[in-house]
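Novice: Taken in order, these protein sequences are the chains called P and E. If you're matching positions, the first sequence starts at 1 in this note's numbering and goes up one per residue. If you're matching positions, the second sequence starts at 1 in this note's numbering and goes up one per residue.
Derived from the structure by calculation, the hints contain no laboratory data. Some hints here could point you the wrong way.
[Unchecked claim] Only part of the chain E face toward chain P is listed, based on derived beta-carbon distances under 8 Å: (1) Ser2; (2) Asn138; (3) Lys140; (4) Leu232.
Note that the Cβ used here is the ideal one computed from N, Cα and C, for glycine as well.
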Amino acid sequence: MGFDQYHEPPAELPEDARTFARMSANLIEEAEAIDWYEQRLAIERDPAARAIMLDAEGEEFKHFSMNLEFLFRRLPLWREIAQGILFQDGDIVEHGEESEEEATEEEAAKGAPLAGSESLGIGSLRGSMT
Amino acid sequence: MSHLLREQAPITESGWRLLDEEARERLTPALAARKLVDFSGPHGWEHSATNLGRVKELDDAPGDDIAASQRRVLGLVELRAHFSLSRAELDDAERGAQDVDLGTLDAAAHRIATAENATVFHGVNAAGIEGIAEVSTNEKITLGEDCEVYPRHVAKSVDALRSAGIDGPYGLALSPEGHTHVLETAEHGGYPLMQHLQEILGGPIVWAPGVEGGVVVSLRGGDFLFDSGEDLSIGYEGHDANAVQLYLEDFFSIRVATPEAAVPLPA
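Produce the complete structure using the sequences and hints provided.
Specialist: Printed below as a string of structure tokens:
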């Protein structure tokens, strides 16, 4: 059995990082499955076979979305940038650039922990509820 | 391995997650200063001093016709609140217990948050750190115990700041006693006092253990800088068969750039 999802020695990775790696691998596999169904559906003419594949593809949509939401919850900055891009009309690249700039500036002002820090990561609480 | 030595503690990864999460939950409501002042950093454990951008002339220059001066910096203060946890309780947490006794951690979190607020608003003489209330150039307004006159005091503070050219919105750090009084009070006609004060300030009223009375500050930015070395962390000190000795650590300085941007309201 391989452990291809790890790029660093697994024994050196904390449990959180190993879980994140597994869920990232899940996300990739769900996206690949959606792609495979899309390709098969593009050429399949049998209505019954198409119905089954469409049903199966719906499962993959659900799995992909659940995995993605899990990863967003683990990386709030990713979630914040995605919020500026997903489910919006208009220019995707423009939304992406704006969202990244806003989110990273906001993150820096909040006092995001330094890489490798074991602090509690509380930083600034400006704007939080009293 | 960082100076916190967490890897040497007899605590599992899930145990550390439990402790960190508990500390965050207990600290966040009490860290009043961070809700009102600018935050810079964290800059890391090696960041020892805040640059003040000023120099001190030296009388004794090392040579003839030499002008000598020395950079002035403000050393960061390290605060630690020690606490001890039962290893049996931590073992029970691993078994899935939901009612683990983390009371000593909770108490340490309250102590260190109180100390952080006291440092920011009232300073630490021994460390050369001047607090916001101490260096304010505005006239002090005694808060007193009669909550019904608080709107007058807060309005007068806001007026003093505006007169000094300090824009809002404004916020109020209020001692726990004062905060409780305000929460419990409704003015004539039943209008909550808390809401009335917030409308005058245009900003929040924060529960501030460690603050004596209250302090009204401008929230426009650029007036008060909290310089964080390493953010609040839990470190490991030692253990025996029954207990683990840990500490909560805070490492920061506070620099007041605009002394006129705050009004002290002593109790």
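Novice: Would the stated hint for Lys140 of chain E survive a check requiring a Cβ distance to chain P of less than 8 Å?
Specialist: For Lys140 of chain E, the interface hint is violated, since the closest Cβ of chain P sits about 23 Å away, which is over 8 Å.
Novice: Would the stated hint for Asn138 of chain E survive a check requiring a Cβ distance to chain P of less than 8 Å?
Specialist: With a minimum Cβ separation of about 22 Å from chain P (threshold 8 Å), the hint on Asn138 of chain E is violated.
Novice: Taking the least C-beta to C-beta distance, is Ser2 of chain E closer than 8 Å to chain P?
Specialist: holds, 6 Å
Novice: Can we keep the Leu232 of chain E interface hint, with Cβ of chain P closer than 8 Å?
Specialist: It holds, given that the least Cβ distance between Leu232 of chain E and chain P is near 5 Å, below 8 Å.
Against the hints set out earlier in the document, violations occur for numbers 2, 3.
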